[in-house]
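Enquirer: Listed below, chain by chain, are the residues.
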Amino acid sequence: MSNKILDIKNLNAFYQNHQILHDVTLNFFSNKATAIMGPSGCGKTTFIRCINRMHELDPKAKVTGEIILHNQNTLDMDSILVRRKIGMVFQRANPFPTMSIYDNVLAGYKLNGIKKSRDEKDEIVQDSLEKAGLWHEVKDFLHRKGTLLSGGQQQRLCIARSLAMKTEILLLDEPTSALDPYATANIEELIEELKKDVTIIIVTHNMSQAARVTDYTAFLYEGKLIEFGETEKLFTVPKHKMTEEYLAGRFG
Amino acid sequence: MLGEKTLKIFVFISAASVLLLLFVFASTLLWKSLPSIRVFGYKFLTGTTWDPISESFSALPFLVGTLVTSFLALLISFPFSLAIGVVLGEYFNTGVWSYFFRSLIELLAGIPSVVYGFWGLSFLVPRVRDLQVKFGVMPYGVGIFTSALVLAIMIIPFSALMLREMIYLVPKKYKEAALALGATRFEMIWKVALPYARSGIFAGFMLALGRAMGETMAVTMVIGNSNDFPRSIFSPGNTMSSLVANEFAEVSDNFYLSTIIQVALLLFLVTIFINIISKYITRKLSVRSSL
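Protein sequence lines correspond, in order, to chains G and Z. This note's numbering numbers the first residue of the first sequence as 1 and each following residue consecutively. This note's numbering numbers the first residue of the second sequence as 253 and each following residue consecutively.
Simulated from the structure, these hints should not be mistaken for lab results. Please note: incorrect hints may appear among the correct ones.
[Stated by the list, open to error] Here are some chain G residues pointing at chain Z (derived, C-beta under 8 Å):
1. N52
2. L57
3. F90
4. N94
5. P97
6. T98
7. G108
8. K110
9. M165
[To be verified] Only pairs whose alpha carbons sit at most 27 Å apart, straight line, appear in this in silico DSS-like list of lysine-lysine:
10. G:K85 <-> Z:K443
11. G:K145 <-> Z:K424
12. Z:K443 <-> G:K131
13. Z:K425 <-> G:K145
14. Z:K257 <-> G:K166
15. G:K85 <-> Z:K424
[As the list claims (entries may be wrong)] Far from chain Z, by Cβ distances over 12 Å, these chain G residues were calculated:
16. K9
17. N12
18. D23
19. K32
20. Y182
21. E188
22. E192
Glycine included, each C-beta is placed from N, C-alpha and C at the ideal position.
Use the sequences and the hints to build the structure in full.
Expert: Laid out in structure tokens, this is it:
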């Protein structure tokens, strides 16, 4: 049986007067990959942006409920500390264009003003890039701009940047939606590898991707959690009629 | 109906006429200053006296005056412009109040320079004089430093609004990437947004510098119009533009006129020089992002 790492209870998210998430309650298990699936506008992205407290960056946004990480409600913690523990990779790769590949990996430390020795830095860069499956492709030109890489490589650089901060949880917001099939397959293989070190939460509206790479799946519809369970079971014998219809492609 | 071809010819002629105008402008300045260039040669740029009575003319005091006042003004305005740009570009970038403050700053940019000059004369000059008494230097009140202060105030609206635009236009994906790594808003601005916008920020300050160098009226009113070489930043002095504006009315013969036109030519060349250099640096600094 896996360990719970993140325990979400009655999560509600609002934007101005509009409620985006309604009483979402579910758990994430450590070193597993969980898919957040659902049609456009169902609140998938808002949901993971609540987890690393990015949703509330906009003063018009509000979040209630509990997100428990190591017996602490992250909603009561300093949001800066939460974001250092929970990394995020965005829909479109966004390595910093002013920084080299090397500096991009270390961006978290640089931004937070954490000083490291040269050896420590080299070690973090190599380790993170290896984990992101990018080391062999870039090791000879670490000091070139990160934006010169291909789209798929840039996305893996962004993953390395999050891993470098020793994050425990990695949020992936449709990380392959802007990539070609080859780069997508690469990222999907990588997710399997990454589970050794981190817990993965991936937003996707690609059902086959959810089926291929995840252990658990949550199906959201109109801001409500319709069904949550092991991916294999949810895809083969969905309990809820709506899940079944969504999987059959009847809406969404 | 205008034919495609006619329209094309018309557009080309209009565009070319601007180039022609620039050429005519530059060559007139050169032509009219030839008598002075023939007499003084490069000494026009190295001597330190400007004396119409003995017909000894050199523009160095004014070249220095222009460069010192405008760079000093840039230096003084820098922190304020940066702060305004950051506040209105990031912390307070949308909504009615932000718009209100932006409009207020635009209003400042539209005040005629003679008003700034008069304000400088009646408000800043006495304050600077008090300061000079405290420092134990000659309490002129007017001078290089006072001009730089007035110029700084005049250029803040330009560079601040330009900076605001540059910071506001930094793509959200980079700002979010920084915040998601646990950066504070300030760290994000300092280490991601400003480096990203650096070329635009530099261009904004160069635009402001160009304005400061060309500004005539306000400077003339507070600089003291002394043709001696300025000994310190508190000395009275003259800039190239204020010299041209002042002495033009006193011209007694063609040769004197020619020397003044040469000062104008010099100002023109210095402006072009600064422009080319800043274009070059702006390009060097620009972020060539492939995504």
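Enquirer: For every hint, state whether the structure bears it out.
Expert: The hints, checked one at a time:
Among the interface hints, the one on N52 of chain G holds; its C-beta lies about 6 Å from the nearest C-beta in chain Z, closer than the 8 Å criterion. Taken as an interface hint, L57 of chain G checks out: its beta carbon lies about 7 Å from the nearest beta carbon of chain Z, inside 8 Å. Taking 8 Å as the C-beta cut-off, the interface hint given for F90 of chain G holds, the closest approach to chain Z being about 6 Å. Restraint check, N94 of chain G versus chain Z: the minimum CB separation of about 4 Å is within 8 Å; hint holds.
Hint on P97 of chain G holds. Least Cβ distance to chain Z is approximately 4 Å, under the 8 Å limit. Residue-level restraint check for T98 of chain G holds (minimum Cβ-Cβ distance to chain Z is 4 Å; threshold 8 Å). At its closest, the beta carbon of G108 of chain G sits 4 Å from a beta carbon of chain Z; the interface hint therefore holds under the 8 Å criterion. Checking K110 of chain G against chain Z: minimum C-beta separation of about 6 Å stays under 8 Å; hint holds.
The beta carbon of M165 of chain G comes within 6 Å of a beta carbon in chain Z, closer than 8 Å, and the hint placing it at the interface holds. Restraint check for K85 of chain G and K443 of chain Z: the C-alpha separation of about 20 Å stays at or below 27 Å, so the hint holds. A C-alpha spacing of about 20 Å is found between K145 of chain G and K424 of chain Z, which places the hinted pair at or below 27 Å, so the restraint holds. Simply put, K443 of chain Z and K131 of chain G have alpha-carbon atoms about 26 Å apart, close enough for the 27 Å limit, and the pair holds.
With a CA separation close to 17 Å, the supplied pair K425 of chain Z and K145 of chain G stays within the 27 Å bound. A distance of roughly 65 Å separates the Cα atoms of K257 of chain Z and K166 of chain G; the hinted pair therefore is violated under the 27 Å criterion. The hinted pair formed by K85 of chain G and K424 of chain Z meets the criterion: a straight-line CA distance of about 22 Å does not exceed 27 Å. Distance to chain Z confirms K9 of chain G as a non-interface residue, since its nearest Cβ pair spans about 23 Å, more than 12 Å.
Interface exclusion of N12 of chain G from chain Z stands, the closest Cβ pair being 22 Å apart, more than 12 Å. Residue placement check: D23 of chain G keeps its beta carbon more than 12 Å from all beta carbons of chain Z (closest about 26 Å). The claim that K32 of chain G lies off the interface holds: its Cβ sits roughly 22 Å from the closest Cβ of chain Z, which is beyond the 12 Å cut-off. Against chain Z, the non-interface label of Y182 of chain G holds: every CB pair exceeds 12 Å, the least being about 18 Å.
Residue-level check passed: E188 of chain G sits 21 Å from the nearest beta carbon of chain Z, beyond 12 Å. A cut-off of 12 Å between C-beta atoms confirms that E192 of chain G is not in contact with chain Z; the least separation is 23 Å.
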